[in-house]
Amino acid sequence: MSEVQAAPRRRINLGFDRFSGLYVWAALIVLFALWIPDLFLQVSTLKQVLTFQAIATIVALGLIIPVAAGAFDLTIGGVVSVSVCFTAWALVNHHGVVVAVVGSILLGIAVGLLNSLVVVKFKVDSFIGTLGMSSILIAVAAMISSQSQIVLSTEGYAPFLDFARGEFLGLPYTVYYAAVIALFMWWILEYTPGGRYLYAVGGNPVAARLSGVRIGRVTMIAFVTSGAVAAFAGIALTATIGTATSIVGEGYLLPAFSAVFLGATQIRPGRVNVLGTLVAIFLLATGVSGLQLAGAPSYVTDLFNGLALIVAVSLAVRTASRRK
Amino acid sequence: MTTALSVREASKIFGGQVALDHVSIDVEPGEVRALVGQNGCGKSTLIKILAGFHQPEPGTEVTVGGQELAFSDPTSSESIGLRFVHQDLGLVGNLDVVDNLAIGQGYLTGITKTIRWKQERIAAREALLALGYDIDVRRAVGGLAMSERTAVAIARAMSTRGTPATMLILDEPTANLPGPEAERLYALVRRVADSGVAVLFVSHHFDEVFEMADSVTVLRDGKHVITRPVEGLTEDELIEHVVGRKLDEYDKEGHVRAHGEVILELKNLSGAAVQGIDVTVHAGEVVGIAGITGSGREEVAALVFGGHGHGGEVVLDGEVLPVSRPDISIDRGMALVPAERHQNASLMAQSLRENITIVDPGRHMSMGILRHRSEKSDVTVWLERLDVRPAQSEFTMAQLSGGNQQKVVIARWLRQEPKVLVLDEPTQGVDVGAKADIHRMVDEAAAQGAGVLVLSTDHEELVRVCDRVIILRRGKAVDELSGPRLTNDSITAATIGRDSSEPAA
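Chains as they are written, first to last, in the working numbering: chain S, 1 to 324; chain A, 1 to 505.
Just chain S, same shape as in the assembly (with noise of 0.2 Å):
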């Protein structure tokens, strides 16, 4: 009964553990504004974290449903890579906005499908058989691209283009798009019994499984939505860079898992979640275009992002290890 003992404690907790990504946030703010006043405390400053990090945000928040179901996804690095070269590939052999957009969204789709067919029916474990997927995708991308980077030209393809770059209230449209996406996962995820679901199967399939929930099915619409997500982020970059390279997708795979791992440690600690997540990128994206405007060298941006991962991370197994 020690449990009902330690209730009115929680009460008076000021949330290290459920917030210590905000405290932290806020640290770092205050640590560039000291630091670096003329730099860092801009308007631009904030439009440039918020411009950059919407495709990211975009990939990760498709990758929190998978996650929540206790599968991974290394695809969606691949699904971004095809999803940019699809489009600009129909673009300029003048198939027209609908069938880029609508092919992409269908071949991430189609490579949600086949993942879930490989871990689902085949049994393969998620990490390899997407592993092994992500592998194919890159293939994919490269014949689709002929191996040469295609280029939209601004004069040419100025609507398509205008589907990302043009802005309201001075921010482009990627982050609203951002915005939109993450509210629909909160939904999904906060207020539906598809979200239970995915949390279920995530927490205990067994138990999911014989309290009716088809972790199957589950586990498939977990695969498609990630691979739609990361399409569309796909898209939305080709329209913001303008250009197609085979391999551009690549560079968003690994952090989308650090934002929805360092997500997990945040606000519902234990489980992935969207306002965790969307903490975990805006702390990374601070502290990384922080230090790049006191004069840091490239490289910070990844040297960053691994070592608060591993922080943040082992401070929250350290306070859950406490709490038992």
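Certain hints may be false.
Not everything, but these chain A residues come out facing chain S in the computed CB check (under 7 Å) [said to hold, decoys possible]: (1) 323; (2) 326; (3) 327; (4) 330; (5) 333; (6) 338; (7) 339; (8) 344; (9) 345; (10) 347; (11) 350; (12) 358; (13) 362; (14) 369; (15) 370.
Please keep in mind that the hints were generated in silico from the structure rather than gathered at the bench. Where a beta carbon is used, it is the ideal one built from N, C-alpha and C, also for glycine.
Knowing the structure of chain S, use the given hints to seat chain A on it.
Relative to the frame of chain S, chain A by itself:
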């Protein structure tokens, strides 16, 4: 000839509970001795003392072939010639026979430390041939028949690479074996004994006691009851020694509930261990299934509910259920409280609210949004009804004690108002108070018209909640007890081999 095993005045106390009370036994070389008794009689405590796992109380003396067992040294029992084969055998399924025999004792190696495979294979083959088994030693152990695996485990235990074996101790050697394979094993044990090694085996199967043993020792409540030759012993006498009473006590007033139509029918249901059983449950009736480990009892819940694929038919309220579809079983009105709640029922990191509503999370959906507040008040009613402590819907499952977790799982299903409720070991690892509450909930569910099927190894529990109890032995339904015949002792007796329909001796 020196006595193979001599145990003198063995005692063990666990936190004030006497588990073993001045037990003395002797086993001679070449003798096969069965050690029997109910759960908690002290059998396993004795075996664990011999294995060096428990330190006995002072005054206990054990000698093996004249050498004294040093209780403080866990390697002592092995070095004076005691060998153990546990029920799970401890084999590595994906390695071959040669590797399994070499595990733990090392390989034969040449001067360069290279394994001498040819010699290893010859040695492995000879060891198994000596036990009467002609097995291709390069086959993976996982692909062998169960009795062949047991033979490999025994061959490994008997291996003389260290000191020679004096005494072989087996834990439930044929518990998981179908009839013909069990007989092969009887012959194997005979061979081991004929080579001059003494054999002691723990058993719940009386057929193996009568087939395999020369003599039998019965323990009850930690005390030695009797040691005698098997010859001349009847099954009824043995059962009386085990349960400590005559079996003709018809003192119980049967509580047969008024019940309605047939709600659940199992027709020729079969699985891996269950071999075609027929069971009928009426609405408002509580039917129990009893059986020792290996009888098939532990499989029944999964077969009925659709957790595993099954042969035969499960008919719920007149409709045949599809195989392996727990979701459809639930939709049609079945509920399962499975055994091993951690593994099979709990979402440990999730709130009690989410644990209870996982069966139909959509119930509190309105305008596209799951209303947490109404869900919470719904769940709190159930937490209070089952007296879950604390009745806090937002606590995680991991924060509760075992008994309270079990109540949460039961709440999950009672909330569905099932037509058929299947309970597998419903009070496993649950304290006395929670147990009484759970039994009360079973009564209430039946009173409201649910058909209840209870699978349990707790025979008092079956007597407490059931109208009738079906007895499984080796995968078959062999008996049914109800009314005055439904007693704790009669269930125990029936599960270990005595048909209640036979007249008592």
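Checklist entry - Where does the structure disagree with the numbered hints, that is, which hint numbers, in rising order? => result 1, 5 and 7
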